[in-house]
Structure formats: structure tokens, C-alpha cells
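Novice: Quick note, the sequences are listed as chains B and V, same order.
The opening position of the first sequence corresponds to residue 1 in the numbering used here, with each subsequent residue numbered one higher.
The opening position of the second sequence corresponds to residue 1 in the numbering used here, with each subsequent residue numbered one higher.
It should be emphasised that the hints constitute simulated quantities derived from the structure, not laboratory data.
Do not rely on the hints blindly, as some may be mistaken.
Using 27 Å as the maximum straight-line C-alpha spacing, the simulated DSSO-like pairs for lysine-lysine come out as follows [as the list claims (entries may be wrong)]:
hint, chain 1, residue 1, chain 2, residue 2
1, B, Lys210, V, Lys295
2, V, Lys63, B, Lys131
3, V, Lys214, B, Lys210
4, V, Lys299, B, Lys210
5, B, Lys131, V, Lys30
6, V, Lys233, B, Lys210
7, V, Lys316, B, Lys210
8, B, Lys114, V, Lys7
From a predicted model like this one, the values you see are computed outputs, not experimental measurements.
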Amino acid sequence: MSLTFKKETFRDDYTFYNSPAAIKRFPFPFPEDEYMYSVNIEPHVKTQPGSVTEFLLDIDEHYVAECADKEITLAADPERFLALPHMMDAQWDALELIMEAMSNDYPDQFTLTKDGSNWHWTNKPLGLSQKFVFGDPSTLPMEPLNYIGRQVQGDWVLLDQRDNNLFADCAMVTSQADWSLAIDVGMSFNEWHGPVPLANETGVFDRALKYLLNLQLGSPVRRLNWTMTVNPRMDTSPENYPLWGPEKVTVTPENVGEKVHLRVELQTLFRLPRSNGQAFSIRCYLISLEELATYPRWAKRIHRVLKDLHPALAEYKGLIYKDMVVDWLSKYDDGAPLDTGTHPE
Amino acid sequence: MSYLNVKVAEIEQVTEVVKRFSLVDVNGEKLPSFSGGSHIVVAMDINGRTHRNPYSLMSSPEKTDSYNIAVRKQEYSRGGSVFMHEQITVGTELQITYPANLFSISKLGRKNILIAGGIGITPFMSQIVDLNRLGTEYEMHYAYRSPEHGAFSDQLIEMCGEQVHFYIESEGQKLDFMTLLAKQPLGTHVYVCGPEPMVDALVAAARELGWPEKHIHNEQFSAPQAGAPFKVKLAVSDIEIEVPSELSMLEAIEAAGVDAPYLCRGGACGQCEVEVLQCDGQIMHNDHYLTDAEKNNGKKILPCVSRANCQNMVIKL
Numbered sequence: 001m002s003l004t005f006k007k008e009t010f011r012d013d014y015t016f017y018n019s020p021a022a023i024k025r026f027p028f029p030f031p032e033d034e035y036m037y038s039v040n041i042e043p044h045v046k047t048q049p050g051s052v053t054e055f056l057l058d059i060d061e062h063y064v065a066e067c068a069d070k071e072i073t074l075a076a077d078p079e080r081f082l083a084l085p086h087m088m089d090a091q092w093d094a095l096e097l098i099m100e101a102m103s104n105d106y107p108d109q110f111t112l113t114k115d116g117s118n119w120h121w122t123n124k125p126l127g128l129s130q131k132f133v134f135g136d137p138s139t140l141p142m143e144p145l146n147y148i149g150r151q152v153q154g155d156w157v158l159l160d161q162r163d164n165n166l167f168a169d170c171a172m173v174t175s176q177a178d179w180s181l182a183i184d185v186g187m188s189f190n191e192w193h194g195p196v197p198l199a200n201e202t203g204v205f206d207r208a209l210k211y212l213l214n215l216q217l218g219s220p221v222r223r224l225n226w227t228m229t230v231n232p233r234m235d236t237s238p239e240n241y242p243l244w245g246p247e248k249v250t251v252t253p254e255n256v257g258e259k260v261h262l263r264v265e266l267q268t269l270f271r272l273p274r275s276n277g278q279a280f281s282i283r284c285y286l287i288s289l290e291e292l293a294t295y296p297r298w299a300k301r302i303h304r305v306l307k308d309l310h311p312a313l314a315e316y317k318g319l320i321y322k323d324m325v326v327d328w329l330s331k332y333d334d335g336a337p338l339d340t341g342t343h344p345e
Numbered sequence: 001m002s003y004l005n006v007k008v009a010e011i012e013q014v015t016e017v018v019k020r021f022s023l024v025d026v027n028g029e030k031l032p033s034f035s036g037g038s039h040i041v042v043a044m045d046i047n048g049r050t051h052r053n054p055y056s057l058m059s060s061p062e063k064t065d066s067y068n069i070a071v072r073k074q075e076y077s078r079g080g081s082v083f084m085h086e087q088i089t090v091g092t093e094l095q096i097t098y099p100a101n102l103f104s105i106s107k108l109g110r111k112n113i114l115i116a117g118g119i120g121i122t123p124f125m126s127q128i129v130d131l132n133r134l135g136t137e138y139e140m141h142y143a144y145r146s147p148e149h150g151a152f153s154d155q156l157i158e159m160c161g162e163q164v165h166f167y168i169e170s171e172g173q174k175l176d177f178m179t180l181l182a183k184q185p186l187g188t189h190v191y192v193c194g195p196e197p198m199v200d201a202l203v204a205a206a207r208e209l210g211w212p213e214k215h216i217h218n219e220q221f222s223a224p225q226a227g228a229p230f231k232v233k234l235a236v237s238d239i240e241i242e243v244p245s246e247l248s249m250l251e252a253i254e255a256a257g258v259d260a261p262y263l264c265r266g267g268a269c270g271q272c273e274v275e276v277l278q279c280d281g282q283i284m285h286n287d288h289y290l291t292d293a294e295k296n297n298g299k300k301i302l303p304c305v306s307r308a309n310c311q312n313m314v315i316k317l
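Here chain B stands alone, though its shape is the one from the complex (with noise of 0.2 Å):
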């Protein structure tokens, strides 16, 4: 895919959309009528040329909006990048995974030059050029993640594993779906998952911390996880709540297909080779139900899993829309089964 970067805003304004090909390749997250949580983690192979997971990390057509909201989000609240001290390590782990992804598989606007210790990385869409030894943070302008970070599309968490648990003791967090990193930072796997409602009882969490504990190196795997967001806001964080709750409230049967968003997460995990610690990439993308509506099937599909959604969910998910977005696709639904799978038209 040729990449042609869009000017575009996530906020104010909000002049963000998709184009055609972006419509087309969006990770739509039902394969079946039903939503429930599940374990549903696989490993992160390289699937078809054009789709998101064509490479370790997919660079698209926001990606330079993306990093300049990022530098807005940044600015205003500094510590949306917090990181403990035992995790420098991790941090340079991290910024290796990055760069040698983003330059490897896009070498046409990333590049990456080694000798021994002295590395320069170049980044063309963004116009950045940097010289650095590697394992030195004097030589970065600040700290490895804090660096890379507000390069790369999507939220960064690095976990320290310590205890058979692990422990949010680092990241960069400008896109969430309503969590706080000032809040998180430091906890254990267990933690931050309390307030999920449902899976903690299945043992889903129990289940899915052994399966990580045991990640390997060179196995990375993901997961898709999803919510919805009214206008396409990437930082929808408690913090900055008063600036994007009330939007929920301006949603109407009128303007519901182009202002209700799906919010889906690529959710990839790395194990980091010098710290041991992890690399969660949180990867949002987002689309109008007018722009999913593109593909008949995918309406259809979404219709079905919000009409019968769990209500604990649809409540721990904020959708207090959910009836008028419900109603609205009720016209892409002729009640014919759909056969399983996530594919478009």
C-alpha cells in the first residue's frame, strides 16, 4: 500500500475520516452475532498485503495526525508519559521493537543505521533525524519511550514481569478508552483488569496472565478489543473527561451514523529480550457507522451484536446511546444469516 498521509484533526473541528482503502482494511472485530469476553488471543503472524496486520506494526494514512495529536495530548499533560526507574532497560527494548519494525517494513519513510552502539533513525513523514547511542539516554533528547513513543501510532505500556504477574510500570498513553495511565501505572495485571465486568468472574483474566507469563521472545501475539466514541476523538482519558463525555450526549437519530464511532483496538504484545519485561501495544482505529455501512455485512453484523449486547457491558463500555445506534442500523438488517468471519463484502 502506497502511503499518503491525510491532514486531519481529532478534536474541535474533528475533520478526521477514512478513506475507501482505509474503510476496507479496518479490523472489524465480530466474526459471530454474539459478543462475549473470551480469551481471544492469537498469535500476531503477518496476514495479506493491505490488511492491518500485514506487518509487526501498521503504519496508515492518520499517521501523521495521529503524532501531532499525540504532541497536543503530550503537551497539555505531561504525564501521560510515566515510567518507573527499574525500567530503563525495557525502554530501550522497546525502542528497538519499534524502530527496527517501522524501518524494516516501511523503508521508504523510516530508516535505521547501526554501528555498534551509535544508531541514527531517521523519520521522513515527521521530518526527524537523531543520532544516539544505544543504551545511553544522554544522547535522546528525552527517554527512550518518551521519545519513540510520540512516533508511532497507538498507546505503549511495558510491563515488568516479577512475581508470575505483571506490573504497568511504564507507557505512553495519549489514545485510551477511558483509563488512566496517573492512575494504573504500577499495578498488576490483576489491577487494572478489576473493574472489567463479567470476565474477572469466568477466570478469563486468570487464564490469559499464565498464557502471558509464558510469551516468548520472537512469538509475538494480539487481540482485538473494541468499544464505541462519539466523534472521532483519540483521547477520550478520564482526565480530559469534561472535554469529550458531554459529546455523548449530542448524539441524535439524525446525526447518529456519522457521529457514533466504533473504537477498535489492535492489541499486540511483545516479549522484550534484555528486560524480559513485555511491550502491550494498544493500536485504536476508528470508523462512523456511516463508514462501516460501506459493507452491508459489517451493519448487519454490528447490529446484531449491539441489540443483544449485555447490559453490564454496554454500561462498562459508556454507550448510553446504544438503542438509537441500534435503530439506526436496523435498516441494514434483513434477519438472513451472516456465515462467521469479520471479512467485508
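Mind docking chain V on chain B? Use the hints.
Specialist: Same frame as chain B, but now just chain V:
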């Protein structure tokens, strides 16, 4: 599962019973970085059967042009260590797993006491490189049978300076765990790798002194034991296999072409845990992962090291 293809670049006879193997990528690429305390699993073809043994990486995590492992020739080997000693030569190609770490240093420890017995020194060799780099306080206590068994002691002096202490059994030097642990400051973590009685004694001493469980770390890899053959039905794959006396249950499953999960192959990580649906005899648990209650319950088995004294077993795989 991802694998690396390596070849043996160098072999050194370190002591009468220990050889060090240096492994390099077959294409001359750098091998992946790793963290101190990591191990790899080496696959070896012994008489047409694939054996897989775990070995700690003892080279520097900072220099991954090669990986070094040390193999002690075991007296009661099922063939793995003898094969490594007698059949592997410079140039032999081997398949290894990516490094995995079940014995990592807690980054929150204020001070680290490292205790090794015999060949149990190997995981500490890479950990010490990390500790030196990070400037974390540590002491290395290394006990071995007699002067000629002190593998890598010169290298340890070079790496650790005054932080290394040797205890040579034949010269009557004894490492007293209670005395050592009793004088440590709060926030100290202890790490032990060596023969089972040594590990058990250390853990018991630390507990008796009231050390928090999270500060007591040990790495114990069991080796699968030979035993009477038995039949296993894999309920999901719907096939029946025979576990011969000299193969582990996991090896027999793999030999039947079933891709079963594993990581340490020493009964430590739990990755290969499988549910036992039926067993007409006694499971002989040989792992360090399942709780005593789980072992008594007989509903789970770690096929990498455990087998059964039975005729027929049915597992959910």
C-alpha cells in the same frame, strides 16, 4: 513456536565432566538479545528420535554474536548430555528455541544473594553481566565438590572481583545458609540454582528466617525419568500413542506429529500442562510447577517431565 538455526563454533572441555559449547547463527547473523538467567532448548536427533534439553545461556547478554552453554555429562543421562559430549563437534548444526527466562533477577531487589551448586552456576554467569551493568549490589556464593570441579571460577573472579565466594566441599569449606541469610539487609532477594537438596535447604532456611516468598527465587529443571511404557489417548487429536520407557510423554506426543506447547522442558514453567481425563494407574509427578493439591488431585500433568505408572491414560490434547 519460533526456532533459531545455529552451528557449533567452539567446544571447550572446562572440567572432566563439563563442556562449554559456543553456538553461532548459521548465516552469521547476530542472535537475539536476551536477559540474564535465560535458557534455550536444544533439539538433538538421537537414533532418529528428537530429544530436547534446556540449557542456561552463560554468555554475556551484551554480546550475542554467539550463545554459550555448558553441559555437564550426567551419570544417569537418558542420552541428551552424553550425546552433547560425544556426538557434537565443531560445525554441527542444531535447532534451538528463542531464549526464555524463568529465572530473572527482580528489578526491585535492593541486594541480590546468588547461590550456585555445581553446574547450577550457569544462569548466574549471564545474570552477573546484567547486575554489573546496572550497578546492583550482589554477592555470588558458589559451592562445588572439589577444586577440579570449579568450572568458570577464574572467569567469576574476573567478573565479580571481591563479590564472589567459593566453597570447596573436598576442602571442608561449607556454605552455611542460615549464617549467610541472617545478616542480609531488608529488601534482599536470594537466588539459588543447584542440586535439589541444596535448593530445598536454602528455601527452608530463608523461610525459617521469615523472608518473604517473593524474595526467594530458585531455578530447578527436572529431567524426565525413564519408566514403564504406557498408552496415552489424545482426546482432541483422536489418536493413541505409546510412551516407551526411554522417552518422555511430551517427546512421544511430538514423535506422533502433534504440535504440543512447551517452554522449559524441565517442569518449571507450566506451559505444557495438560488435563488428564482418565488414568487407570498412578501419575508420577516430577515437576516443580503444580501445587501439591493439584498433584494429589491427578487431573493435570506436565508431560515434559512426568509420566505415569499405568496402562492407559486419556488427556485433553
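Novice: None of the hints should be skipped; say for each whether it holds.
Specialist: Each hint, compared with the structure:
1. Lys210/B with Lys295/V: holds (18 Å)
2. Lys63/V with Lys131/B: OK: lysine 63/V and lysine 131/B at ~22 Å, within 27 Å.
3. Lys214/V with Lys210/B: Within the cut-off at roughly 17 Å; holds.
4. Lys299/V with Lys210/B: Roughly 18 Å separates the two Cα atoms, so the pair holds.
5. Lys131/B with Lys30/V: holds (22 Å)
6. Lys233/V with Lys210/B: holds (26 Å)
7. Lys316/V with Lys210/B: Holds: lysine 316/V and lysine 210/B sit about 18 Å apart, inside 27 Å.
8. Lys114/B with Lys7/V: The hint holds at about 25 Å.
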